[in-house]
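Starting from the structure of chain A, add chain B with the ligands where the hints point.
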Amino acid sequence: MREPATAETGVGARRVAYRGGVFLPETRRAAGATALLALIALWQLASSLGWMSPVFAPSPAEVGEALWRMGVSGELVGHLKASLARLLVGFAIGGTAGVAFGLAVGLSSLVRAPGVTLVSALFPIPKIALLPLFILWFGIGEGSKVATIAFGTFFPTVIATYGAVDNVDRSLVRMGRSFGLSQAAIVWKIIFPGALPGILSGLRIASSIGIVLLVAAEMIGASQGVGALVLSAGNLMQSDRLLAGVVVLSLVGLTLSAFLGLAEKRLLAWR
Amino acid sequence: MQLIADSITHAYGPLPVLKDISFTIAPGEVVAVVGPSGCGKSTLLRILGGLEQPSSGAALVKGAPPPGSLNPLTFVFQDFALLPWRTVAGNVRLALEGHGLAGKAAAAIVADTLARTGLADFADVYPKQLSGGMKQRVGIARALAVKPAVLLMDEPLSALDAQTRTLLMDDLVRLHAEGDLATVYVTHNLDEAVRLADRIVVLSRRPGSIKATFLLDMPRPARSAEDPALVREARRLWDLIRADAAEADRELADAEVADA
Ligand SMILES: Nc1ncnc2c1ncn2[C@@H]1O[C@H](COP(=O)(O)OP(=O)(O)OP(=O)(O)O)[C@@H](O)[C@H]1O
Ligand SMILES: [Mg+2]
Numbered sequence: 150m151r152e153p154a155t156a157e158t159g160v161g162a163r164r165v166a167y168r169g170g171v172f173l174p175e176t177r178r179a180a181g182a183t184a185l186l187a188l189i190a191l192w193q194l195a196s197s198l199g200w201m202s203p204v205f206a207p208s209p210a211e212v213g214e215a216l217w218r219m220g221v222s223g224e225l226v227g228h229l230k231a232s233l234a235r236l237l238v239g240f241a242i243g244g245t246a247g248v249a250f251g252l253a254v255g256l257s258s259l260v261r262a263p264g265v266t267l268v269s270a271l272f273p274i275p276k277i278a279l280l281p282l283f284i285l286w287f288g289i290g291e292g293s294k295v296a297t298i299a300f301g302t303f304f305p306t307v308i309a310t311y312g313a314v315d316n317v318d319r320s321l322v323r324m325g326r327s328f329g330l331s332q333a334a335i336v337w338k339i340i341f342p343g344a345l346p347g348i349l350s351g352l353r354i355a356s357s358i359g360i361v362l363l364v365a366a367e368m369i370g371a372s373q374g375v376g377a378l379v380l381s382a383g384n385l386m387q388s389d390r391l392l393a394g395v396v397v398l399s400l401v402g403l404t405l406s407a408f409l410g411l412a413e414k415r416l417l418a419w420r
Numbered sequence: 006m007q008l009i010a011d012s013i014t015h016a017y018g019p020l021p022v023l024k025d026i027s028f029t030i031a032p033g034e035v036v037a038v039v040g041p042s043g044c045g046k047s048t049l050l051r052i053l054g055g056l057e058q059p060s061s062g063a064a065l066v067k068g069a070p071p072p073g074s075l076n077p078l079t080f081v082f083q084d085f086a087l088l089p090w091r092t093v094a095g096n097v098r099l100a101l102e103g104h105g106l107a108g109k110a111a112a113a114i115v116a117d118t119l120a121r122t123g124l125a126d127f128a129d130v131y132p133k134q135l136s137g138g139m140k141q142r143v144g145i146a147r148a149l150a151v152k153p154a155v156l157l158m159d160e161p162l163s164a165l166d167a168q169t170r171t172l173l174m175d176d177l178v179r180l181h182a183e184g185d186l187a188t189v190y191v192t193h194n195l196d197e198a199v200r201l202a203d204r205i206v207v208l209s210r211r212p213g214s215i216k217a218t219f220l221l222d223m224p225r226p227a228r229s230a231e232d233p234a235l236v237r238e239a240r241r242l243w244d245l246i247r248a249d250a251a252e253a254d255r256e257l258a259d260a261e262v263a264d265a
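As they're listed, the protein sequences go chains A and B.
Quick note, the first sequence lines up with residues 150 to 420 if you use the numbering used here.
Quick note, the second sequence lines up with residues 6 to 265 if you use the numbering used here.
FYI, nobody ran anything at the bench for these hints, they're computed from the structure.
C-beta: ideal position from N, C-alpha, C; glycine also.
Hints may contain errors.
Chain B is faced by these chain A residues, among others (derived, beta-carbon under 7 Å) [as the list claims (entries may be wrong)]:
id, residue
1, Ser320
2, Arg323
3, Met324
4, Ser327
5, Gly329
6, Leu330
7, Pro342
8, Trp419
For reference, chain A alone in the conformation it holds in the complex (with noise of 0.2 Å):
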């Protein structure tokens, strides 16, 4: 831009003073990764300097050192393994039933009310709290800890699924109607399209509240997966060892949260 002329607009005049640029942040990735790189050697450092005792808080050398060994061994595939087949299926099933009552409870008024009813009522229960029923009907096993990553990642499901139905907005629905668009097409077409973005913000929340139900229910009863691993390592004051299965845990989360970016940006294109 040009300085105003002096000669049009006189003596006196003074600029506009800017003031619309408060509370706009922009995504800096590499000011990101320095800041977590910062931490980590700033830990690293208190740790060579004698500053923290190695047994409550090793270094993240030892981390790293722990970690590597793990996964040379094998052991810490195994505990993966355990860990992620337990997610996954829990979360399938948990994800799937949820988009799928939520639709209906968003849908059908024969759904609606006793459905929403249901779902307040049983929402807010710790669903931790729920494993040792769940013990008693599936068994120690795999059972009863899919069960709770399911139960737990289904009500949130639910939740954002029926919200993002009644936010699609009626005037579509009604055209879809105008131009002589059967119920299920309007749901395929319109409804879920138009819900979805609301979907996959609250898979999103759904998958985080699935690993911390994981990790609680391996600490409950498991000899193999990550949060198994985390528990034994405190047992045994092997802090090297618990944190590693902590970074792993991140890693996972990380994962599936960048997965569900990727479905967000290939499903969201036309935003």
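Same frame as chain A, now just chain B with the ligands:
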């Protein structure tokens, strides 16, 4: 095919909205419906198009729709009602999918309709990339794709700026010169009404009943927005509804105060 409003009366719960509305839309005729805010114009149009059931009376059709008409009563919406996740071509195709057309047959009709409405270059564009005027062109293209006998337009230009409105109005005039497409055109804008309509139905304020009907026999393509005869006509209409409109506005304001 004729579309007939047969003593349509409607109430939303205790709120009477329409009172004993009767008129007939002849094949190829353009009927404008004007009236103050909230008098039930949109409701009347939805009833005529089968999207709403009147409390009493009925919307009737008489005679067969023109051959090849897929969706005899077709809406063009004020807010366009385009699916944001479908391209322009996809939005037009949706209307055909409602009538079991898919694949090559549908693609041919879509391409033809887009070419006819000057949208051929925009086939693969998403609605959010379009201006309001282009969006409504898509809305009109979608309606034309299913070969309606009667177009039901609810303030199709009211979301647009004045220049775009003029351009689209020219398009509509041309469209009605091409074939005998009947239209019910709901509007607030009396200039639009006198420009396009063969007949203007003036509704009273809520509950809307027919207050007057005007015939305009000047040939449509010969009318221009500045034509003194049309300006006079618009003025006359405005005088007719001015008192009602002011009253309706006051009522709306009162209702808002009561709500607050
Ligand atoms: N679905 C509905 N339920 C209850 N009341 C409604 C409904 N739709 C419209 N109304 C009421 O009916 C009256 C007529 O509404 P309508 O939209 O038909 O008026 P209109 O003439 O199209 O108004 P405008 O000129 O503002 O578009 C209004 O008072 C409105 O509040
Ligand atoms: Mg209206």
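Consistency of the hints with the structure:
no.	hint	result
1	Ser320	5 Å, holds
2	Arg323	6 Å, holds
3	Met324	4 Å, holds
4	Ser327	5 Å, holds
5	Gly329	4 Å, holds
6	Leu330	4 Å, holds
7	Pro342	5 Å, holds
8	Trp419	4 Å, holds
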